[in-house]
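Build out the structure end to end from the sequences listed, making use of the hints.
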Amino acid sequence: MSFFKGRKLKKVALENSIDFDARMGLSINGNLVHEFGYLLKYYTTNNLESFDDRSAISKIKDKTIDAINLDLQNPKTQEELTLGVSRATAEGNLRNLIKILESLSNYHAAEVA
Numbered sequence: 001m002s003f004f005k006g007r008k009l010k011k012v013a014l015e016n017s018i019d020f021d022a023r024m025g026l027s028i029n030g031n032l033v034h035e036f037g038y039l040l041k042y043y044t045t046n047n048l049e050s051f052d053d054r055s056a057i058s059k060i061k062d063k064t065i066d067a068i069n070l071d072l073q074n075p076k077t078q079e080e081l082t083l084g085v086s087r088a089t090a091e092g093n094l095r096n097l098i099k100i101l102e103s104l105s106n107y108h109a110a111e112v113a
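Numbering (my numbering), first residue to last: 1 to 113.
FYI, nobody ran anything at the bench for these hints, they're computed from the structure. Any given hint could turn out to be false.
As the list claims (entries may be wrong) - Within a straight-line C-alpha distance of at most 25 Å, the following computed DMTMM-like cross-link-like pairs (lysine to aspartate or glutamate) qualify:
no., residue 1, residue 2
1, K41, D62
2, K10, D21
3, K8, D19
4, K99, D21
Unchecked claim - Pair ranges (Cβ atoms, derived):
no., residue 1, residue 2, range
5, D66, G37, 17 to 27 Å
6, N29, V85, 36 to 46 Å
7, F20, G92, 16 to 26 Å
8, K10, L70, 17 to 27 Å
9, S55, S17, 15 to 25 Å
Every residue gets a Cβ at the ideal spot worked out from N, C-alpha and C, and that includes glycine.
This is the structure we're talking about:
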């Protein structure tokens, strides 16, 4: 990797609050990314279960965010219905998932540029 590309990736990681070296694994905005895998699996209709493949994340990002936003318009989100969490918790989790998808997609775009 060239010096300039490495600098660009570091800048994108900083701008998107991505920490690849967090103590418990990949962290975005202080959230452990792997903890959102169950939501990724649901909103991608079982197509993705982990955040390891940034290329795949980039490809499904818009469709997944649309599905999340559609669910947020419901009186109760799927997470509320299935897991019995509060509306505030469900909304927070879904907004964090959107941020994770956007951040990983931004990083991937910088990787392939």
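Verification of the supplied hints:
1. Taken as a hint, the K41 and D62 pair is honoured in the structure, with Cα atoms around 15 Å apart against an allowance of 25 Å.
2. Proximity of K10 to D21 is assessed by CA-CA distance (about 12 Å); at most 25 Å being required, the pair is judged to hold.
3. A hinted pair counts as satisfied when its Cα atoms are at most 25 Å apart, and K8 with D19 qualifies at roughly 15 Å.
4. Restraint check for K99 and D21: the C-alpha separation of about 18 Å stays at or below 25 Å, so the hint holds.
5. D66 and G37 have their C-beta atoms about 20 Å apart, which keeps the hinted 17 to 27 Å range intact.
6. A beta carbon spacing of about 19 Å between N29 and V85 contradicts the range 36 to 46 Å that was offered as a hint.
7. Range check, F20 to G92: Cβ separation about 23 Å, and the 16 to 26 Å hint holds.
8. At about 35 Å, the beta-carbon gap between K10 and L70 misses the expected band of 17 to 27 Å.
9. Checked against the given bound of 15 to 25 Å, the beta carbons of S55 and S17, roughly 21 Å apart, stay inside it.
Of the numbered hints stated above, those contradicted by the structure are hints 6, 8, listed in ascending order.
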